[in-house]
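2 protein chains.
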Amino acid sequence: MYSKEEYVQEAEKFIKVHHQDKWYEKKLNRLESIREQIYSEGTWTPTKDELKKGGQMAWRNSSRCIGRLFHMSLNVKDKRNLTDENEIFEALVEHLQEATNEGRIKPVMTVFRERRKGEEIRIWNKQLVRYAGFENDGVITGDPAEVEFTNKCIGLGWKPKRTAFELLPIVIQIGNREPKWFELPRKSVLEVKITHPELHFFEELQLKWYAVPVITDMAFRMAGLEYTAAPFSGWYMGTEIAARNLADENRYNMLPVVAKKMGLSTNSRHDLWKDRALLEINRAVLYSFKKAGVMITDHHTASRQFMKFCTREKEAGREVMADWSWIVPPMSASTMEVFHKQWQDNVSDPNFYYQEKKWK
Amino acid sequence: MYSKEEYVQEAEKFIKVHHQDKWYEKKLNRLESIREQIYSEGTWTPTKDELKKGGQMAWRNSSRCIGRLFHMSLNVKDKRNLTDENEIFEALVEHLQEATNEGRIKPVMTVFRERRKGEEIRIWNKQLVRYAGFENDGVITGDPAEVEFTNKCIGLGWKPKRTAFELLPIVIQIGNREPKWFELPRKSVLEVKITHPELHFFEELQLKWYAVPVITDMAFRMAGLEYTAAPFSGWYMGTEIAARNLADENRYNMLPVVAKKMGLSTNSRHDLWKDRALLEINRAVLYSFKKAGVMITDHHTASRQFMKFCTREKEAGREVMADWSWIVPPMSASTMEVFHKQWQDNVSDPNFYYQEKKWK
Ligand code: HEM
Ligand code: HEM
Chain R
20 MYSKEEYVQE
30 AEKFIKVHHQ
40 DKWYEKKLNR
50 LESIREQIYS
60 EGTWTPTKDE
70 LKKGGQMAWR
80 NSSRCIGRLF
90 HMSLNVKDKR
100 NLTDENEIFE
110 ALVEHLQEAT
120 NEGRIKPVMT
130 VFRERRKGEE
140 IRIWNKQLVR
150 YAGFENDGVI
160 TGDPAEVEFT
170 NKCIGLGWKP
180 KRTAFELLPI
190 VIQIGNREPK
200 WFELPRKSVL
210 EVKITHPELH
220 FFEELQLKWY
230 AVPVITDMAF
240 RMAGLEYTAA
250 PFSGWYMGTE
260 IAARNLADEN
270 RYNMLPVVAK
280 KMGLSTNSRH
290 DLWKDRALLE
300 INRAVLYSFK
310 KAGVMITDHH
320 TASRQFMKFC
330 TREKEAGREV
340 MADWSWIVPP
350 MSASTMEVFH
360 KQWQDNVSDP
370 NFYYQEKKWK
Chain Y
20 MYSKEEYVQE
30 AEKFIKVHHQ
40 DKWYEKKLNR
50 LESIREQIYS
60 EGTWTPTKDE
70 LKKGGQMAWR
80 NSSRCIGRLF
90 HMSLNVKDKR
100 NLTDENEIFE
110 ALVEHLQEAT
120 NEGRIKPVMT
130 VFRERRKGEE
140 IRIWNKQLVR
150 YAGFENDGVI
160 TGDPAEVEFT
170 NKCIGLGWKP
180 KRTAFELLPI
190 VIQIGNREPK
200 WFELPRKSVL
210 EVKITHPELH
220 FFEELQLKWY
230 AVPVITDMAF
240 RMAGLEYTAA
250 PFSGWYMGTE
260 IAARNLADEN
270 RYNMLPVVAK
280 KMGLSTNSRH
290 DLWKDRALLE
300 INRAVLYSFK
310 KAGVMITDHH
320 TASRQFMKFC
330 TREKEAGREV
340 MADWSWIVPP
350 MSASTMEVFH
360 KQWQDNVSDP
370 NFYYQEKKWK
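First to last, the sequence lines map onto chains R and Y. In our numbering, each residue carries its 1-based index in the first sequence increased by 19. In our numbering, each residue carries its 1-based index in the second sequence increased by 19.
Be a bit skeptical, because a hint or two may be false.
Copies of the same chain are indistinguishable here, so a pair counts whether it falls within one copy or spans any two.
Unchecked claim - Think about it this way: if two alpha-carbon atoms lie no more than 25 Å apart in a straight line, the pair counts; the simulated SDA-like pairs of lysine to any residue are:
#1 LYS227 <-> SER287
#2 LYS327 <-> HIS289
#3 LYS360 <-> ARG288
#4 LYS360 <-> MET237
#5 LYS227 <-> ARG295
#6 LYS280 <-> ASP290
#7 LYS279 <-> ARG323
#8 LYS227 <-> ARG135
#9 LYS23 <-> THR66
#10 LYS32 <-> ILE173
#11 LYS360 <-> ASP236
#12 LYS360 <-> MET340
#13 LYS376 <-> VAL339
#14 LYS360 <-> ARG270
#15 LYS32 <-> THR160
#16 LYS310 <-> GLU202
#17 LYS280 <-> ARG295
#18 LYS199 <-> ARG331
#19 LYS310 <-> MET326
#20 LYS379 <-> ILE173
#21 LYS279 <-> PRO179
#22 LYS279 <-> ASP290
It should be emphasised that the hints constitute simulated quantities derived from the structure, not laboratory data.
Isolated chain R (complex conformation) (with noise of 0.2 Å):
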């Protein structure tokens, strides 16, 4: 726990790089009446430009993601002020629709109530959009990631129809009050159908994938307060989608099928059936979204503009951190620049954290 000076600290460390960024008119007694607010409320109340610095900033301090050049397009939605679940709800449907914009995808942050201010939001589900998974008898439809969320949901009284598709409810809690569970409405998640520009047996798969991914279950933390639900999404990295969700083997498993389609055998590792499958479901992915009119990005592009977030980010006279073995794409690593770099890696607020689950 902070102490009151210590939050002050935070307050003042933060307003330090909010003005030095130039990207405020400096506000000389803003630091005082923050520390104010502290002494006599417990916590403060960032102004909506200050959250929205706060969450550019956590996003370009998130050393995971090759994704940051963009940090400053960051959306800030303020919603700190709801309380209910219904309303929580539909600021997520809210979020959803801006962010998918059609799939011209925006990149939208949602800030809810700070943990001090009254009891704890938490958004159970691991994304906004997922899909359910259901295993039986050892077999498994849907995506084996979300079989023990599945469950869950199942025990709260949801009813699914057990399709390897199918929508998760969307799971909302209040301090230890009773979690509420919602259905999205189905309007308001664009999905895109994968085919491919050759293969055609692509369209028998069945394959679909969500527009864009919601992250909800991380907190965010600013300058000593901590936001345990603030739903951030971007556009996707096709290799997010087809190397690891669709490839992964503990998760749709396509590889082997993807392969036999090619008429590969998969027992020669040596003439490597698993890349060539790899690589056409890639191709795949990022043909049906441009197809579809849906953002997506490339590794090769965001590689390279993740290397013109670092030159940026030095000339500002800051140092970048990053996380090699998340920045470099889990395919064809070494024909991009970002294989070839080396960074430090500290984690500097604001940034975004894990939380325990509140439903293990």
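Using the hints provided, position chain Y with the ligands relative to the given structure of chain R.
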């Protein structure tokens, strides 16, 4: 600098492991004789068996090496008695022939005189077999990574033909004497012509690579002793040649050439032309080595073998040290188990170390 007592302690640590591993029958008076030798001669002389064990442990401790499952099969050639450049060169040729073994490659290390036993022996080359690089008006023929060293060799009197895959001479220096250079006998260097199972244009590219990578510039340290010339070699993993040596932009840079021959436009990053060219070069290298009867491993097999090594080490009560960013192969990373693991990475002796170049 170590004190004599420190040398005794280092020897003691080593001898203990040596015996624990039950690789060698216990010799209770061995330590006493080492102590005597250190106090009289200032250094000690491992037996042939101890040297072999030291080499195997150094390989086992090499946290960047994915090939460690086979560390117990390392052949260690004892050439500690050689004092003359010509003899040392002969021993290097012998290493190459024995390791090559007509394609059925054997892991081999050759150990030359210890640092404190006389003037320091150094092999200037990075590897025993490497192709020269020539710069002419900004255009490079051969391996760009070897341009600087190639110029050094020319300065010593070497007369190259300036072709794309020209064997560099071997440069040996003892103490501060003039370095001596030697041409490898052509017949001692096994090379593989790169062709592709389906893409016949590969023949026109006239690519080849050598069969055995023999690292010649790292120091081998064991139990307080330092061997500044102790070349070691295994067999190749395909990506080392295909994803790095032939593909890196600052090496043979073949991706644009192969992509063009494949009819891919290098404009569209989105269609993954780099990934597609990379994949075909990798298939070509594995296919060509196999066809030529030269041992090589693919990255999937190597990754599995490394996981088996981890299991075995655990069973033996030892913790595996590993450098994730080197262990994880430079392509299709997330399709392999190693991608999903984490390791500690502390250095422990015996091991291999970089040393300052003598010729820079
Ligand atoms: C605009 C497009 C964006 C792209 C292309 C992008 C790309 C990525 C990628 C590829 C990862 C690794 C994901 C994985 O391997 O699981 C990542 C992680 C991350 N990104 Fe971004 N990102 C974007 C926007 C954002 C935004 C808007 C934020 C926050 C405001 C953000 C914060 C993070 C964080 C905190 C992580 C680490 C997540 C974790 O530790 O699990 N990113 N990003
Ligand atoms: C038997 C087959 C072997 C395979 C397949 C293998 C594989 C590899 C690979 C892929 C690397 C990374 C190379 C790079 O990215 O530049 C590596 C590094 C390394 N290996 Fe092995 N290796 C083998 C044998 C050996 C042997 C016999 C030794 C020593 C006795 C050894 C010691 C090392 C060391 C010290 C490194 C790190 C080199 C550096 O830091 O530059 N390896 N190995």
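Structure-based check of each hint:
1. LYS227 <-> SER287: between (29 Å within a copy, 23 Å between copies)
2. LYS327 <-> HIS289: between (37 Å within a copy, 19 Å between copies)
3. LYS360 <-> ARG288: between (30 Å within a copy, 21 Å between copies)
4. LYS360 <-> MET237: between (28 Å within a copy, 22 Å between copies)
5. LYS227 <-> ARG295: Intra 20 Å, inter 23 Å, cutoff 25 Å: intra and inter.
6. LYS280 <-> ASP290: Intra 16 Å, inter 21 Å, cutoff 25 Å: intra and inter.
7. LYS279 <-> ARG323: Cα proximity of LYS279 and ARG323: across copies only (22 Å, versus 34 Å in one copy).
8. LYS227 <-> ARG135: For LYS227 and ARG135, the Cα distance exceeds 25 Å both inside one copy (40 Å) and across copies (66 Å).
9. LYS23 <-> THR66: Within. Shortest intra-copy distance 19 Å satisfies the 25 Å Cα cut-off; inter-copy 67 Å does not.
10. LYS32 <-> ILE173: This pair counts as neither: shortest intra-copy Cα distance 45 Å, inter-copy 58 Å.
11. LYS360 <-> ASP236: Only across copies: LYS360 and ASP236 sit 23 Å apart there, 30 Å inside one copy, limit 25 Å.
12. LYS360 <-> MET340: Close inside one copy (12 Å) and across copies (22 Å); limit 25 Å.
13. LYS376 <-> VAL339: Classified as neither; 30 Å inside a copy, 31 Å across copies.
14. LYS360 <-> ARG270: Classified as between; 16 Å across copies, 30 Å inside a copy.
15. LYS32 <-> THR160: neither (49 Å within a copy, 54 Å between copies)
16. LYS310 <-> GLU202: neither (28 Å within a copy, 58 Å between copies)
17. LYS280 <-> ARG295: both (12 Å within a copy, 19 Å between copies)
18. LYS199 <-> ARG331: Result: close neither inside a copy nor across copies, 44 Å intra and 48 Å inter.
19. LYS310 <-> MET326: neither (28 Å within a copy, 40 Å between copies)
20. LYS379 <-> ILE173: within (15 Å within a copy, 68 Å between copies)
21. LYS279 <-> PRO179: neither (31 Å within a copy, 50 Å between copies)
22. LYS279 <-> ASP290: Cα proximity of LYS279 and ASP290: in one copy and across copies (14 Å, 22 Å).
Comparing the model with each numbered hint stated earlier shows that hints 8, 10, 13, 15, 16, 18, 19 and 21 do not hold.
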